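Engineer: The chain contents come next:
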Amino acid sequence: MSVLVYVDHIKGTVKKGTYEAVNYAAKVAESLGGKEVIALALGTTNNDSLAALGTYGASKVLTVNDAAFDTFDSRPIAKVIAEAASANAAEVVVFSHNSSGKALAPRVAVRLEAGLITGASSVPSGDDFTVRRSVFSGKAFADYTINSAIKVLSVNPNSFPLEEGEGTASVEAFSTSVGAGDFKVKVLEVSRSTDTVPLPEAELVVSAGRGLKGPENWGMVEDLATILGATTACSRPVADVGWRPHHEHVGQTGVTVQPNLYIAIGISGAIQHLAGVNNSKVIVVINKDPEAPFFKAADYGIVGDAFEVVPKLIEALKEFKNS
Amino acid sequence: MKLLVCICKTPDTTAKISFTNDNTQFDTNNVSFIMNPTDEWYALVRAIEVKEQLGGTVTVITVGQKDLDQIVRKALAIGADNAVRVNAEPTDAYFVAKQIAAHAQGENYDLIFTGKETIDYNGFMVGGMLAELLDLPFVSLANHMEIEGNTATVSRDIEGGVEKLTVDTPFVVSAQKGMAEQRIPNMRGIMMARRKPLKVVEPVAAASLISTKVYELPPERKSVKLVDPENPAELVRLLHEEAKVI
Numbered sequence: 000m001s002v003l004v005y006v007d008h009i010k011g012t013v014k015k016g017t018y019e020a021v022n023y024a025a026k027v028a029e030s031l032g033g034k035e036v037i038a039l040a041l042g043t044t045n046n047d048s049l050a051a052l053g054t055y056g057a058s059k060v061l062t063v064n065d066a067a068f069d070t071f072d073s074r075p076i077a078k079v080i081a082e083a084a085s086a087n088a089a090e091v092v093v094f095s096h097n098s099s100g101k102a103l104a105p106r107v108a109v110r111l112e113a114g115l116i117t118g119a120s121s122v123p124s125g126d127d128f129t130v131r132r133s134v135f136s137g138k139a140f141a142d143y144t145i146n147s148a149i150k151v152l153s154v155n156p157n158s159f160p161l162e163e164g165e166g167t168a169s170v171e172a173f174s175t176s177v178g179a180g181d182f183k184v185k186v187l188e189v190s191r192s193t194d195t196v197p198l199p200e201a202e203l204v205v206s207a208g209r210g211l212k213g214p215e216n217w218g219m220v221e222d223l224a225t226i227l228g229a230t231t232a233c234s235r236p237v238a239d240v241g242w243r244p245h246h247e248h249v250g251q252t253g254v255t256v257q258p259n260l261y262i263a264i265g266i267s268g269a270i271q272h273l274a275g276v277n278n279s280k281v282i283v284v285i286n287k288d289p290e291a292p293f294f295k296a297a298d299y300g301i302v303g304d305a306f307e308v309v310p311k312l313i314e315a316l317k318e319f320k321n322s
Numbered sequence: 000m001k002l003l004v005c006i007c008k009t010p011d012t013t014a015k016i017s018f019t020n021d022n023t024q025f026d027t028n029n030v031s032f033i034m035n036p037t038d039e040w041y042a043l044v045r046a047i048e049v050k051e052q053l054g055g056t057v058t059v060i061t062v063g064q065k066d067l068d069q070i071v072r073k074a075l076a077i078g079a080d081n082a083v084r085v086n087a088e089p090t091d092a093y094f095v096a097k098q099i100a101a102h103a104q105g106e107n108y109d110l111i112f113t114g115k116e117t118i119d120y121n122g123f124m125v126g127g128m129l130a131e132l133l134d135l136p137f138v139s140l141a142n143h144m145e146i147e148g149n150t151a152t153v154s155r156d157i158e159g160g161v162e163k164l165t166v167d168t169p170f171v172v173s174a175q176k177g178m179a180e181q182r183i184p185n186m187r188g189i190m191m192a193r194r195k196p197l198k199v200v201e202p203v204a205a206a207s208l209i210s211t212k213v214y215e216l217p218p219e220r221k222s223v224k225l226v227d228p229e230n231p232a233e234l235v236r237l238l239h240e241e242a243k244v245i
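Protein chains in written order, with numbering that gives the first Met the number 0: chain A, 0 to 322; chain B, 0 to 245.
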């Protein structure tokens, strides 16, 4: 009996969401009476960084050292995960709720005839395996129970603080029937901005909207983000007119974020935008209109002209960082 | 090209969310329902564009009761050719995927579209489940797709970037922003939609693997603490000492 975790990595560099998933799996394993936590890493990996998963709670890492798995195709990958789950009598399979997990978890759930809860924000509790997640675009929570013997869960990014302990995981090869011939998706290229944390994983986000009047005014937003170590985001109208790239659009039809701090500058706070930020732990709103609906959703607010407030805020942060 | 688009209903984006029956059910009183935006704006419209470019038919499928017919008619008005409604109240994503798979098996669709997620339960589940049930490749979170012959070139969103790939039909794709632009049905489309076939079929047996126990509204946020615009240092202090986020 075990809890299996899928290791998501970029050329051997394990993603933060995987550490969260391993932490989560360790808690699930403990609640089930101390099951073994086994991680599964596919493709070209690095044994040292896999062994380090032990500090997050894994006791063993299974590897399939086949370069075919260096690109993403959910169909063959889900097959290997299901094989590993069966071979290790996994009761629970855990993913990070990211772009890979969103494609894999549903497939693995079907293969294992397992109930699936995506974007879990609580560790399963009670005899009925109750798991909480955000629903209605952050406007409510739902507690679900899983009725099947095997369960698949994906963990919402940035929902649990990372916990590091002691330990090294053993690394073992896993033999699978799946190989290069099973890959139907051919990845041509992957472009990724490497200098900032991706929005869905970001702990700090600085976001701006139409109040900034034009793309030429984003310099101060970027400066503010840089000094905080934050990722930049924007509202829908700003992405629609092309002031900012679409992948920065936060809201109901864009990216959902769950940072510790979300700073909104010159964004009125339409309900569709709030749907993407409702799970932020702390929200700061800077807007010259005191009636902007965003203030109702904010923890802290400054009523003032962004062009005056933001430069002062940057100065104040510089002093804070230097002190 | 034989194209299938999976659509469903969701509460209007501005709907007030509340619950009834001891917080075990979504309260639909005074809630108007719309076609799930990612299904409509991106999946359906891109399917119609593919048909316009390469020929073929666009079928829409939904799982739900008679009240969904108006949403199905809207999809037909936008440009789908025919529709299937599986006459059952959806219980969970697996149930829905099983119904769609039961229809798609034997129909030999070249391409099956879903929206990336529904805006109510936000599960990101049906597309992947459907692909697995049909043993097809699944390209999720697609923001651009071109088709030549039977090969599609697709861009999909990944964390902090974009992945570009090719895949041969048949496959399942989940569509998001960038795939297409919203289309408003015109009067001719609305008139024609009335005469397009809408087939109602009964559901196949499928287990519900998860159950909803209870809903909860988030706690009311404490009212906003306003900081003097002349003194942003106070905000920095509050974020550091009180909120402890920097």
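Don't take each hint at face value.
Simulated coverage check for chain B against chain A, where a stretch passes if three residues somewhere in it have a Cβ under 8 Å from a Cβ of chain A [said to hold, decoys possible]:
#1 67 to 75
#2 206 to 213
In the DSS-like style, the derived pairs of lysine-lysine whose C-alpha atoms are separated by at most 27 Å in a straight line are [unchecked claim]:
#3 Lys163(B) to Lys78(A)
#4 Lys287(A) to Lys163(B)
#5 Lys78(A) to Lys183(A)
#6 Lys138(A) to Lys243(B)
No lab work stands behind these hints, which were simulated from the structure alone.
Since we're looking at a predicted model, the values are computed, not measured.
Don't be surprised by glycine CBs; every beta carbon is placed ideally from N, CA and C.
Engineer: Does each hint hold? Answer for all of them.
Structural biologist: Taking the hints in turn, this is what the structure says about them:
| no. | hint | result |
| --- | --- | --- |
| 1 | 67 to 75 | violated (count 0) |
| 2 | 206 to 213 | holds (count 8) |
| 3 | Lys163(B) to Lys78(A) | 23 Å, holds |
| 4 | Lys287(A) to Lys163(B) | 41 Å, violated |
| 5 | Lys78(A) to Lys183(A) | 13 Å, holds |
| 6 | Lys138(A) to Lys243(B) | 24 Å, holds |
When the structure is compared with the earlier hints, violations turn up for hints 1 and 4 and for no others.
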